[in-house]
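Participant: What follows is each chain in one-letter form.
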Amino acid sequence: MAALGTSPSTLTDAADVIALLVLLSEFAMLRSSLSRSQVRLYGFQSLCVSVLAGFVAATQHIGELYGLMGLSFVLKVIVVPMVILRLVREVRVDVTASHRLGVATMVLLAIVLSVFGVFVVGRLPVHSHSLPILALGLAAAVILVAFLLVIVRNDVVSQAIGFFSLENGVSVASLVLAAGLPLIVEVAFLFDLLVAVVVFGLLMRVHQGRSRTLSTRALDRLRG
Amino acid sequence: MGAILVAILVAPFVVSLACLKVPLVVAKALSLVSGAASFGLAVALVPSHEVTTALSGWLRVDALSVVFLVAVTFLYAATAVFAVGYIQPGGGAAEVRYSRRFFAGLNLFAWAMAMTPIVNGLALLWVAVEVTTVVSALLVAIGDTDGAAEAAWKYVLIASMGLGIALLATMFMYYAGSTVLGGSYELFYSRLLGAAPRFPPEIVRLSFGLAVLGFGTKMGLVPVHTWLPDAHSEAPTPVSALLSGALLTVSFYAILRFYQVTVRAIGPAFPRDVLLVFGLASLVLAALYLASQRDLKRLLGYSSIEHMGILAIGMSFSAPIAIVGVLLHVLAHAAAKSTAFFGAGNVIRKFGTKDMDRIQGAVGALPLSGPMFLLAILALSAMPPFGIFRSEFLIVEGGLSTRATALSAVLIVLVTLAFFGLSWYASQTLLTPTSDSVAPGEVSPWMAGSMVLGLLALVVLGVHPPAQLSGLLERAAAELGARR
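As given, the protein sequences belong to chains A and B, one line each in that order.
No gaps in the numbering here: position 198 of the first sequence is 198 in this note's numbering, and each next residue is one more.
No gaps in the numbering here: position 373 of the second sequence is 373 in this note's numbering, and each next residue is one more.
Since the hints were derived computationally from the structure, they do not count as laboratory data.
Worth double-checking, as some hints may not be accurate.
[What the hints assert, rightly or not] Cβ pair distances, simulated, as ranges:
#	chain 1	residue 1	chain 2	residue 2	range
1	B	A36	A	L108	54 to 60 angstroms
2	B	M1	A	F116	36 to 42 angstroms
3	A	L108	B	G2	56 to 62 angstroms
4	A	L101	B	A36	34 to 40 angstroms
5	A	H129	B	A478	35 to 41 angstroms
6	A	V112	B	V96	37 to 43 angstroms
[Said to hold, decoys possible] A few chain A residues that don't get close to chain B, going by computed Cβ distances all over 12 angstroms:
#	residue
7	A58
8	F119
9	V170
Don't be surprised by glycine CBs; every beta carbon is placed ideally from N, CA and C.
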């Protein structure tokens, strides 16, 4: 935090608030019952991550990060939600996502996981120049809640969104830990994400074509 | 030498694209040539005592990389032979299109896996492993059955989440490096290894734990193995062979790269404990599950989990001889498991089912591939004179030499338990009397012929590994921090 001053300034506060918004949108995704609103929440979360990347680029004067911000904006805020929303629109059936646990239990579990993430990671000896350490804790919380989301929701849209939001959590962590990571690597990550979107989209379509539903309840043949 | 790396990086990719356009016969021929050529090029790297680099340092191959590159390219070549017989489309346009797509996918998958040990640096390593996931998920789904769709979905979801964790591990390692090397540096192995002794230990520990969990998901370590038996049983057989023999091992390679840095930074105690926990859990669970399978390919899938557990335990002994054993095991397992999957492919084609209750007397029905399948199962169970016997012997010897006597005994007991399960089911399907309704005869000479390659390699590794290969394994073990 050396570059931002040792006492909490308005800038670090702003960064913390954005990181907190990322976590809150993860919570909202966890409990939202419509697939469509889940996808929109993901778009909002990605927007926050892009803003955070822009914030780091501006305060740290890392020109490459602007490029990264632009790419991640196009991919995560526009392309991914568009692909998934189109799929949801085409299917027309069961747009309401389903969960295995009650909403209250889910949210309670998510709170426990977040507290764990924030406090455990907060104790790590990490001194970042780009963002406050709290952002790293929040990123860890996002990742843990994303796992919960994938585990307790049983429709392919939620599970795919869970994976993509995990990627968002990792992105926030990378802004704290590795803001100076060479651009070529970052571009490779984003390219990977793009391919992942294609794969997820394709498999969702295959699943929907075979079982006429987006629910994963039918996926129980293979066990043992 | 650098040109070899570029060739391995370019050839399968170009062949993959070509497969989509050219007639099927040409696609098959191209795949065969590309597989054999890649293997030949990889073998040409074996005697080299130097680190080979190319493309201004972005490609880099040391002894450790060559071991895995040889394993991957050998499987590529053998699988290409098997696939030529396995893919025999009827006249329909849809079937021909499927076959072309299949060969394109196969070459692309092999390309991605060959890329993994060639690229330089933890970041590109992660990217390469991610590419293997993407390609292989599509190949698992290519059969377009309910089972394939389910297996592919589970695989892509679980493996991608695991790789998300692996990415986090890479970030933490980058951060650990940036405390010494300053911001914005490339994650090249040589730079990381040079600076590793000054890395902050807590961060390195966290990074290694996350890396084992993340890449372990793709390697099939318990408890993050759950996609593995499904994907192995539902994928087309050539893909299963590549998944088991090559994909799991390149994920192990990724863990070894983290191990290398971690050992330099904080010593072998912590990585040893982590690998031991995952390895033991894998071995115990696989040994138990092997005793209760009905699906032939699932059986082999659980056998893969068992062998990945052995690899992890072997690393946890951290004696030089055990590490040489682990690296030999990588090669021997690749040969044995692919041969076993090819055998299973022959049996499944012949009997039209994967259900072992309905397969009787495969040795009688398949005069060549039946007995070879039996030999492959014996090789997997670490019977002499095959390579796995030698490698497991070295691992146990390493365990005894570091006074991990109890652990070595547990290892032997669990491996024996796995042997019972594997050989019990295999003998039930193979050695029972053949029913009269099945006419004896091979399905395809290519499918039977591919098994000869694997068995040959296993005998060579088991009876007398070439001196240059032994030298390579020892150099690779030294790179992993094993000191005599």
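Participant: If a hint holds in the structure, say so; if it doesn't, say that too.
Facilitator: Hint by hint, here is what the structure shows:
| no. | hint | result |
| --- | --- | --- |
| 1 | A36(B) <-> L108(A): 54 to 60 angstroms | holds (59 angstroms) |
| 2 | M1(B) <-> F116(A): 36 to 42 angstroms | violated (49 angstroms) |
| 3 | L108(A) <-> G2(B): 56 to 62 angstroms | holds (57 angstroms) |
| 4 | L101(A) <-> A36(B): 34 to 40 angstroms | violated (54 angstroms) |
| 5 | H129(A) <-> A478(B): 35 to 41 angstroms | holds (37 angstroms) |
| 6 | V112(A) <-> V96(B): 37 to 43 angstroms | violated (55 angstroms) |
| 7 | A58 | holds (16 angstroms) |
| 8 | F119 | holds (15 angstroms) |
| 9 | V170 | violated (5 angstroms) |
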